[in-house]
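Sequence lines, in order, name chains A and B. Oh and the first sequence: position 150 is 150 in our numbering, straight run, nothing missing. Oh and the second sequence: position 198 is 198 in our numbering, straight run, nothing missing.
Hints are not guaranteed to be accurate.
Here are the computed lysine-lysine pairs in the DSS-like style, where the Cα-Cα straight-line distance is at most 27 Å [unchecked claim]:
hint: 1; chain 1: A; residue 1: Lys63; chain 2: B; residue 2: Lys148
hint: 2; chain 1: B; residue 1: Lys138; chain 2: A; residue 2: Lys63
hint: 3; chain 1: A; residue 1: Lys96; chain 2: B; residue 2: Lys148
hint: 4; chain 1: B; residue 1: Lys178; chain 2: B; residue 2: Lys249
hint: 5; chain 1: A; residue 1: Lys20; chain 2: A; residue 2: Lys64
hint: 6; chain 1: B; residue 1: Lys163; chain 2: B; residue 2: Lys126
Derived list of chain A stretches under chain B, where covered just means 3 residues or more per stretch with a C-beta under 8 Å from a C-beta of chain B [said to hold, decoys possible]:
hint: 7; segment: 46-60
hint: 8; segment: 78-89
hint: 9; segment: 129-138
Hints listed in this document are in silico derivations from the structure and should not be mistaken for laboratory results. Note that the structure is a prediction, hence the values are computed from the model and not measured. For each residue, glycine too, the CB sits at the ideal point set by N, CA and C.
Listed below, chain by chain, are the residues.
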Amino acid sequence: MTSFVEVTTKCVYEVLMNVKDPEIDSISIVDLGMVGEVSTDGDKVNISLLPTFLGCPALEIIKKNTVKAVQAIPGVSEINVEFVYHPPWTSDRISKQGHINLRAFGIAPPPLHFEEDGSWRVDCAYCGSTYVTMDNIFGPTSCRSILYCKSCKNVFEAMKPVSTTM
Amino acid sequence: MSEIEKDLPMENKEALTSLLFQLADDDFMYAYRGSEWLGLAPHIEADIASSSISQDSMGHAAMFYSLLEDLGAGNADNLAHMRIASERKNSILTERVNGEGYYMEVPHYDWAYAVVRSYFYTQAKKIKIDSLCGSSYKPLAEIAVKVKMELYYHRLHWETWFKQLMGSTDVAKQKMNKAVELVMADFGDVFSYGNQKLEIEVSRLIESEEDLKAKWHESIKPVFLALQMEAPTIPDLPSKNGRNGEHTKDLDDALLTLSEVSKLDPVAIW
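Okay, chain A solo, but in the shape it has when bound (with noise of 0.2 Å):
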């Protein structure tokens, strides 16, 4: 006879908070805010995930590490991880903790409100000091702006601001 376990979506959340951006290792999709909905039927486990930016070459191992960490889970039968577009992900779902978790890695959290210009501003994710350039909105990601601290003298990265009112 084969056993029945009820898996619960509280347990399936704890172990999402392991899985973490591949590269930016400090911060979970939890608090990334890509997890949509997750919900248990028994022990069968269904995880919507929103995705960032849609040519982000971390979607596909964010997904396959959702599905190791949760196979992990004991009793756990069956696993459907699947990204949908709506609702779009928008970077106002990073948590209060994501903020310091990108910060502890050099990145400044993305700013919760524009200029009136549509411009925006961050503080220096090592020291807090706002005298920073903003040297390209552009980076090294999809995601990340580069920016030089004219006070402490560090390169530090900014996560770009993306939200439905552009």
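Place chain B on chain A using the hints.
Leaving out everything else, chain B in the frame of chain A:
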């Protein structure tokens, strides 16, 4: 999601497939030509920006190909790499070379052309994507909402470069004006839906060619006004209509290169 696809009436499905091929092939070729600038842009920051924009755009193409796969049009990777030129539906603007020479030998690419083509194309893409956000086909509308957010930065970038160079030295102005001429000569099919115009417009997947053309003109007018220049007009008839599979030799050459790796082992799992 695949349940919704199965319920599409045949005419709508054909129109949708046509439109998706146009969108996918446009971004695919735009991203491909953009990627050829890697290491060759006049400034390192422009190089980073150009490759980031190309990556984003390739991501957009990948999404459109995956919608086509969901509709049963074929495997997305094969659609992107294996189709011959006459099966492609991109605007000829996106297939044109970046300039003389070849990056594997001695490239003499034209930065003015890159800026003008990118700016005019991105502005056109924004007009289309804005319309697609209200598309009658929900999966396409959802993708459009995401593309729109990324496109914001692309458009801002190319418009900035366009204005800077257009208002710069005499040499810059001369090169930029030449580039505008070249780009506009190929712009005739950008907003065209080709032979599927009626079906695509009737199915309310996207607004009409005429409406979008007018919006494009409206959007670039203030930029040209500020530069004290006359805004270009889109030719009434395209020299070649890529939407109907009419292409130039530039596409044949591009396809040879971009399909080379895939064709080495067509059954490889990537």
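Taking the hints in turn, this is what the structure says about them:
{"no.": "1", "hint": "A:Lys63 / B:Lys148", "in the structure": "holds, 24 Å"}
{"no.": "2", "hint": "B:Lys138 / A:Lys63", "in the structure": "holds, 24 Å"}
{"no.": "3", "hint": "A:Lys96 / B:Lys148", "in the structure": "holds, 26 Å"}
{"no.": "4", "hint": "B:Lys178 / B:Lys249", "in the structure": "holds, 21 Å"}
{"no.": "5", "hint": "A:Lys20 / A:Lys64", "in the structure": "holds, 12 Å"}
{"no.": "6", "hint": "B:Lys163 / B:Lys126", "in the structure": "holds, 18 Å"}
{"no.": "7", "hint": "46-60", "in the structure": "holds (count 5)"}
{"no.": "8", "hint": "78-89", "in the structure": "holds (count 4)"}
{"no.": "9", "hint": "129-138", "in the structure": "holds (count 4)"}
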